[in-house]
Amino acid sequence: MLELGFVFLFAILIGVFTALGRRRGARPAALRPVEALQSLPDTVGQAVETGRRLHISLGSGTIGEMDTAAALAGLTVLDQISAVAAVSDKPPVVTTADGTAMFLAQDTLRNVYERQNASQRYDPTSARVAGLSPMSFGAAVTGMIKDESVAGTVLVGSVGPEAVLIAEAGSRANINTVAGSSDPSAQALLFAAADNPLVGEDLFAGGAYIGRLPAHIASLRAQDVMRILIGLAIVVGVIAKTFGFLP
Amino acid sequence: MKIRFWGIILVAIAVSAGLITLLGYFVNVPVLLGLRLQFVAWASILAAVAVGLGALNLLGVHLKKISDQSGGWVYSIFLVLSLLGVIGASMAAPFLGMGSGPANTTNAWVFKYIVAAVGTALSGLLIFFLVFAGYRLLRRRPSVASVTFLIVALVSILGMAPQLPELPDLGLRDLWIWISQVPAVAGARGVLLGIALGVIATGLRILLAVDRPYGE
Numbered sequence: 124m125l126e127l128g129f130v131f132l133f134a135i136l137i138g139v140f141t142a143l144g145r146r147r148g149a150r151p152a153a154l155r156p157v158e159a160l161q162s163l164p165d166t167v168g169q170a171v172e173t174g175r176r177l178h179i180s181l182g183s184g185t186i187g188e189m190d191t192a193a194a195l196a197g198l199t200v201l202d203q204i205s206a207v208a209a210v211s212d213k214p215p216v217v218t219t220a221d222g223t224a225m226f227l228a229q230d231t232l233r234n235v236y237e238r239q240n241a242s243q244r245y246d247p248t249s250a251r252v253a254g255l256s257p258m259s260f261g262a263a264v265t266g267m268i269k270d271e272s273v274a275g276t277v278l279v280g281s282v283g284p285e286a287v288l289i290a291e292a293g294s295r296a297n298i299n300t301v302a303g304s305s306d307p308s309a310q311a312l313l314f315a316a317a318d319n320p321l322v323g324e325d326l327f328a329g330g331a332y333i334g335r336l337p338a339h340i341a342s343l344r345a346q347d348v349m350r351i352l353i354g355l356a357i358v359v360g361v362i363a364k365t366f367g368f369l370p
Numbered sequence: 401m402k403i404r405f406w407g408i409i410l411v412a413i414a415v416s417a418g419l420i421t422l423l424g425y426f427v428n429v430p431v432l433l434g435l436r437l438q439f440v441a442w443a444s445i446l447a448a449v450a451v452g453l454g455a456l457n458l459l460g461v462h463l464k465k466i467s468d469q470s471g472g473w474v475y476s477i478f479l480v481l482s483l484l485g486v487i488g489a490s491m492a493a494p495f496l497g498m499g500s501g502p503a504n505t506t507n508a509w510v511f512k513y514i515v516a517a518v519g520t521a522l523s524g525l526l527i528f529f530l531v532f533a534g535y536r537l538l539r540r541r542p543s544v545a546s547v548t549f550l551i552v553a554l555v556s557i558l559g560m561a562p563q564l565p566e567l568p569d570l571g572l573r574d575l576w577i578w579i580s581q582v583p584a585v586a587g588a589r590g591v592l593l594g595i596a597l598g599v600i601a602t603g604l605r606i607l608l609a610v611d612r613p614y615g616e
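For the record, the sequence lines run as chains A and B. So the number in our numbering is just where the residue sits in the first sequence, counting from 1, plus 123. So the number in our numbering is just where the residue sits in the second sequence, counting from 1, plus 400.
Just chain B, same shape as in the assembly:
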């Protein structure tokens, strides 16, 4: 009975906060606007705390992996050392005259020369994965949609490529421009409309307390 009582209280708090925030967007009443901003500010603080706890969870999972020596545990050692190293360097930066706060020189160096560089290298690999994925798509799901997808992808790649003056103009660039401006935009808007309706429906189910991701 105690659990049920707390469940009702939780639902009441969540639904009220949701409705006030929603109304704060649509109705021009100063009290609602103030409450909305306050709720959003609290949510931002909680989200920031959750990022820190997420990092602790990451550390905990990888320490357990090292302790159990489960698959890929050697990589976990690198992760733990890197995590602790970056935190340590960031904390020591103000004492070494390298600035303070999140934008200190140490953090900036790590982001510029390690995080951004590795992220960009990984992004560069995606094109190769996509070429293989396109090849497998034809073998796995040969259909009108998959053939259309591959033809459009091919036309787009060739249409975007630099035009060599020695080669005849096959009109691929014009075709690519038409595809990207007419059918692609129409399709993207249709998909976005469906996603927007899905987002609103999901939000409303939570506001109506049908879905309760905050506990039973």
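Chain A with its partners taken away, still in its complex shape:
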């Protein structure tokens, strides 16, 4: 029941911070600078101005398994970015290695075009399965970045060592690569290989930084509170164990 209490406390904190953020006269939230996310508007602007495509990748993870949340974070970023990038001559292209994530990406893109009253510009092949295994996905995206005149890559999702191939392709094409993964070892690789790596939980902060969505900002604050509580619990646990209060 302790786990359920933890989840309920987290949900209550998100609700409280959302309500506080939406009340009248609430000051805009001050977020710590995340260089990778701050570079996104320039990359999107460059894609629109040069009439090239923006590439958004949800990684090689699978919806319905451990990677679900990372792919959903990628969908939030897709929704926010494609709303701006959709006015470009060439629509953004979305890649994934999972059929379910592909359907969600297609749905997100279709909604973006419908909101802009431009449904006729929606192309279902803009969201595609690049490869069905992690390495084939990485290899296929590498070729796509070169062949489809991509202006920038935003990779938010679960991705393994194949992330290096994608970041390297971006580097060779001289385009900005913003990339983050829920896999810590891939994060280390991306730190070296990507222009703008997303470290740790920055992967899940896209909605708060790009769209300034109140619920996303609230969930960032709730995460901070929970992190402090967990940190305190670890310190108290260590002290209790050291002095023999815990078995």
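Keep in mind the hints are simulated off the structure, nothing from the lab. Mixed in with the good hints there might be a few duds.
[To be verified] In the DSS-like style, the derived pairs of lysine-lysine whose C-alpha atoms are separated by at most 25 angstroms in a straight line are: (1) B:464 to A:213; (2) A:213 to A:269; (3) B:512 to A:269.
Following the hints, position chain B against chain A.
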């Protein structure tokens, strides 16, 4: 109005299914446990269908590329031929006495001698990409973090390398063992904690119907 009504129904179904599945993990009530298992089984079936549709999407994208003769279309021909060839061989396997099901001899051969071999070769290339990436990192983002990253990477590579008896012991192996067991584990746990909190927050936003990846 019709769309809004269906939107509310979709949200109600998604939130209920999510809450029941979540409670099924934490509360020991047989009905909730049964419902959770049923929902997960349905999700697995849908995911399997989505894999098939994903393969069709892959085929469609590459057929369009061939028809438009857009960049890299020659590679698309190989992809389409390979895809159709593997499906055809897999379907013909039972009639040729090569076993049936996903583990038939044809599939096993393709995976062992083509997919695994090419995947391993590609993985082997990653180390070279990483060396170049490390060099570029110093030029692109010279900072305390990037210098630390490169020094630790160098110490790790040298520490893991076989020790030649002719060379003096500089203590690199001990340093690498300490780095991998103390600061690396501490840092990895910190990153994992942040990711776990992000995962829970993302899940809760969907359960609270704030984020709706299943439609407007």
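Quiz item: Quick one, are residue 213 of chain A and residue 269 of chain A close enough, alpha carbons at most 25 angstroms?
Solution: Given pair residue 213 of chain A, residue 269 of chain A holds - Cα atoms ~15 angstroms apart, limit 25 angstroms.
Quiz item: Between residue 512 of chain B and residue 269 of chain A, is the straight-line Cα distance small enough, at 25 angstroms or below?
Solution: violated, 30 angstroms
Self-check item: Proposed proximity, residue 213 of chain A with residue 464 of chain B (alpha carbon, max 25 angstroms)
Solution: holds, 16 angstroms
Hint compliance for this structure: hint 3 alone is broken.
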